[in-house]
Amino acid sequence: MKKKLLYLSAAALMVLSGCGNETSNDKEANHEEMNHGGSHSSSGEVPEGLKEATNPTFEVGSKATITTDHMKGMKDAEATIVGAYDTTVYTISYTPTTGGEKVEDHKWIIHEEIKDPGANPYEAGDEVIVEADHMEGMKGATAVIDSAEQTTVYMVDYTSTENGEEVKNHKWVTESELSTK
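With mature numbering (1 follows the signal peptide of the UniProt record, and there is no 0) as the guide, the letters of the sequence shown map in order to residues -20 to -1, 1 to 161.
Rather than coming from a laboratory, the hints here were simulated on the basis of the structure. No residue lacks a Cβ here, since even glycine has one placed at the ideal position from N, Cα and C. Among the hints, a few may not be true.
[Stated by the list, open to error] List of simulated lysine-lysine pairs, DSSO-like, C-alpha gap at most 30 angstroms:
(1) Lys31 with Lys55
(2) Lys82 with Lys148
(3) Lys161 with Lys43
(4) Lys119 with Lys52
(5) Lys87 with Lys119
(6) Lys161 with Lys52
(7) Lys52 with Lys87
(8) Lys119 with Lys161
(9) Lys161 with Lys87
(10) Lys52 with Lys95
(11) Lys82 with Lys161
(12) Lys148 with Lys31
(13) Lys87 with Lys43
(14) Lys31 with Lys87
(15) Lys161 with Lys55
[As the list claims (entries may be wrong)] DEER-style ranges, computed between Cβ atoms:
(16) Thr48 with Gly24: 15 to 23 angstroms
(17) Asp106 with Lys43: 31 to 39 angstroms
(18) Leu30 with Ser156: 28 to 36 angstroms
(19) Asp126 with Thr47: 19 to 27 angstroms
Using the sequences provided together with the hints, build the complete structure.
Spelled out as structure tokens, the structure:
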């Protein structure tokens, strides 16, 4: 009986200690997974006013390798470019309107996914209302801009390297997060 209790205690300790080792990227990836219901696909609709890129590095219909991992199964996946747009992209921190933990440094929303965005890009520290609906509780949330960058963003299709799930119209991957490997 003592051995059984010792084994159960050791197992519980291992499980609990593993929870504390989660990085902020792990937390965001897990948050993304939970709130997408396991799907990173979108309708493919683009926000009003978003302009197609005039000279994108990756043409619509071309293939590229995703070099980022802001969601599980993205890194090293082959992407098909389904849209290319010139805009300002933002990382944001916000508390979901549905409650729960604050999401920090979420990548990415674009200028056109902010309520009443105005003509000029926002800067780090600015507070905005999010119109993007990439995750449960995102739309309508008050967010703080963590960073801003003028670039080409891409909507992509890819197959998850983790579970083989086909992802359609994923929003957004920046030009620097793609490679022609």
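Do the hints match the structure? See the list:
1. Lys31 with Lys55: OK: lysine 31 and lysine 55 at ~27 angstroms, within 30 angstroms.
2. Lys82 with Lys148: 27 angstroms, holds
3. Lys161 with Lys43: 10 angstroms, holds
4. Lys119 with Lys52: Roughly 22 angstroms between the alpha carbons, so the hint for lysine 119 and lysine 52 holds.
5. Lys87 with Lys119: Status holds; Cα separation ~15 angstroms.
6. Lys161 with Lys52: OK: lysine 161 and lysine 52 at ~20 angstroms, within 30 angstroms.
7. Lys52 with Lys87: 13 angstroms, holds
8. Lys119 with Lys161: 35 angstroms, violated
9. Lys161 with Lys87: 23 angstroms, holds
10. Lys52 with Lys95: The hint holds at about 29 angstroms.
11. Lys82 with Lys161: With Cα atoms ~35 angstroms apart, lysine 82 and lysine 161 exceed 30 angstroms; violated.
12. Lys148 with Lys31: Between lysine 148 and lysine 31 the Cα gap is close to 20 angstroms, so the pair holds against 30 angstroms.
13. Lys87 with Lys43: Given that 30 angstroms is the threshold and the Cα spacing comes to 22 angstroms, the pair holds.
14. Lys31 with Lys87: Measuring from Cα to Cα gives roughly 20 angstroms; hence the hint holds.
15. Lys161 with Lys55: Judged against 30 angstroms, a Cα distance of about 13 angstroms means the pair holds.
16. Thr48 with Gly24: 15 to 23 angstroms: This hint holds: roughly 20 angstroms between Cβ atoms.
17. Asp106 with Lys43: 31 to 39 angstroms: Cβ of aspartate 106 to Cβ of lysine 43: about 36 angstroms, so the range 31 to 39 angstroms holds.
18. Leu30 with Ser156: 28 to 36 angstroms: Given about 19 angstroms between the Cβ atoms, the range is violated.
19. Asp126 with Thr47: 19 to 27 angstroms: 20 angstroms, holds
Of the numbered hints given earlier, the model fails hints 8, 11 and 18; all others are met.
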